[in-house]
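A.B. asks: Each chain, written out:
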Amino acid sequence: GDSVTQMEGPVTLSEEAFLTINCTYTATGYPSLFWYVQYPGEGLQLLLKATKADDKGSNKGFEATYRKETTSFHLEKGSVQVSDSAVYFCALGIQGAQKLVFGQGTRLTINP
Amino acid sequence: EPEVTQTPSHQVTQMGQEVILRCVPISNHLYFYWYRQILGQKVEFLVSFYNNEISEKSEIFDDQFSVERPDGSNFTLKIRSTKLEDSAMYFCASRIRQGARETQYFGPGTRLLVL
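Protein sequences appear in the order of chains U and R.
Heads up, the first sequence stops at 112 in the working numbering, and the numbers go up one at a time, no gaps.
Heads up, the second sequence stops at 1115 in the working numbering, and the numbers go up one at a time, no gaps.
Hints in this document: simulated from the structure, not taken from any laboratory.
Some residues of chain U that are not near chain R, with every Cβ distance over 12 Å (derived):
id : residue
1  : V11
2  : S14
3  : E15
4  : T20
5  : T26
6  : K60
7  : G61
8  : F62
9  : T70
10 : T71
11 : S72
12 : H74
13 : S79
Across the chosen pairs, the derived CB separations fall in these ranges:
id : chain 1 : residue 1 : chain 2 : residue 2 : range
14 : U       : S83       : R       : S1027     : 21 to 31 Å
15 : U       : S14       : R       : D1071     : 44 to 54 Å
16 : R       : K1083     : U       : N111      : 35 to 45 Å
17 : R       : G1099     : U       : T20       : 26 to 36 Å
18 : R       : L1030     : U       : S14       : 41 to 51 Å
SDA-like mimics (lysine to any residue), calculated; alpha carbons at most 20 Å apart, straight line:
id : chain 1 : residue 1 : chain 2 : residue 2
19 : R       : K1042     : U       : G1
20 : U       : K52       : R       : R1097
21 : R       : K1042     : U       : I94
Where is the CB? At the ideal position from N, CA and C, for every residue including glycine.
The task is simple: from the sequences and hints, build the whole structure.
C.D. replies: Printed below as a string of structure tokens:
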């Protein structure tokens, strides 16, 4: 079945460090891929998305490239800030299905 | 910016009681969803709703669950007889169009605790 696997958390970094959160997927067909972020006490917010192979989604300094050959959609940011501390969820959407399939989430903490 | 809202933010209930979780989707959206996240686990799809009927549901969404759009703005999830294992964060989401490329917009969630 369709599934998403994210790197285990929690991840703790210092401010201005480089961030990578790995995400790989298994899907039938051609999924769309999403990163959602959940800040403390808030709901899930779309961070970025990519809808076809080799597309790059970007927002707020975060980037992720849809790699069909490695079935991956890793999240990266060149220089993290304390305000990036949150839980990050990778998700996929399958054409013809209603639901999103989520990874387990990765908690990120950035220390000043 | 329009957003999905949910009430209450927290609810505590006794096992066997009925609970209704409420959501107000974004006003021009046509597709509505409920998901849940048990503490420490993945966000799981429960049900999708379009044109006043369920369009897809998961194995979790058994006869104890129901959804309704009682008026033009609210979208509710009812759990008829809560169990301890229903304790979770429940998220409502909506989107304007069908299609895997379309973004689902989520509310802040309702944290349900069943004692």
